[in-house]
Amino acid sequence: MKAAIDLDPYPAPLKTLTRDAALRLIGRLKSNAPVLGKHADEWMRALAGDASPEGYFLHPQAFPAVLLPWFLEAAIRRQPSRSFQRDVVYSTVAGYYFVRLTDDLMDGEAVAPPVVPLLIVLHAEFEQTFHRYFPAGHAFWDVLARSSYQAAETASRDAGQRRITREHFLASSARKVAGAKIPIAAVCHRYDRSDLVAPWSAFVDLLGRWHQMLNDMLGWSRDLQRGTATYFLTEAAAHAGSGASIAEWVISEGYAWGMNELGPWMADLQAAARALDSPDLLAYLEGRERDLLGAWEDLRGEMAPLRRLAQSLR
841 MKAAIDLDPY PAPLKTLTRD AALRLIGRLK SNAPVLGKHA DEWMRALAGD
891 ASPEGYFLHP QAFPAVLLPW FLEAAIRRQP SRSFQRDVVY STVAGYYFVR
941 LTDDLMDGEA VAPPVVPLLI VLHAEFEQTF HRYFPAGHAF WDVLARSSYQ
991 AAETASRDAG QRRITREHFL ASSARKVAGA KIPIAAVCHR YDRSDLVAPW
1041 SAFVDLLGRW HQMLNDMLGW SRDLQRGTAT YFLTEAAAHA GSGASIAEWV
1091 ISEGYAWGMN ELGPWMADLQ AAARALDSPD LLAYLEGRER DLLGAWEDLR
1141 GEMAPLRRLA QSLR
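The numbering of the sequence shown is our numbering, which starts it at 841 and goes up by one.
Hints were generated in silico from the structure; no laboratory data involved.
Heads up, none of these hints are tricks.
When the alpha-carbon atoms are kept at most 25 angstroms apart in a straight line, the in silico SDA-like pairs for lysine to any residue are as follows:
hint, residue 1, residue 2
1, K855, P1119
2, K1016, V1037
3, K1016, E1101
4, K1016, G1067
5, K1016, L1122
6, K1016, R885
7, K1016, A999
8, K878, R864
9, K870, V961
10, K870, A952
11, K1016, G948
These numbers come from a predicted model, not from an experiment.
Use the sequences and the hints to build the structure in full.
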């Protein structure tokens, strides 16, 4: 199953800022730590499919980490500040790389040892970027600490899990993207709209749930081969039963089951976007939904012969 957004949701100025952020990070690395910078550059480009590093963040199926703060600022003041967003995007890029590298290490991915110290620099770049905007003791730093603890606790709790129940998934999927609440809080506090931190953070939780489920559906075969526990594969094992094929369940029932989960969650997301009074955010969600439903219709037609074959072999 493949899903890609039908229209590019990333405004041209945001694309430029994201490209500049990736280049700024690599430039600082190569200037201050040349050996690490070389390895980091290779690692970042590999994440983007050996293309320009910003592609990792601007991919249609990527979690919209740089897009959400842009939409938020547009909702507050219509025209986002390029100078402020430059730093927001830079911090987000560094933070997102930090999370990705941590995840790869915890998942047992083949990470070259010279890349591992990059974690030190990424966290420093992610945090220190906001020092010029928020003094010590500012409420923003409370959000940063709280979100960091949530993400770290979830990662620690999930390590080595063999089964992911629905209850566990609902509790952990939101916290996995807790780091995305930090740039959200930065935008809110920059414009004295602390009242928006809670509702926009709640939206991030909802989006994390939907995004994680879709990722688990799209990557089920890879996760099965690697022995990575997911909610989708836990359901597959439960429905398939002993001796049955997980792949057969995915084709015959699994995708439909997953789509039935995603549908109401997308409705929740769109309702939240309306309440946040963000037309850009709502349009983004409608585009994701439209494209996913189109991909699902195509896939159902392709799977029909496979279902018939599976039934004939029973």
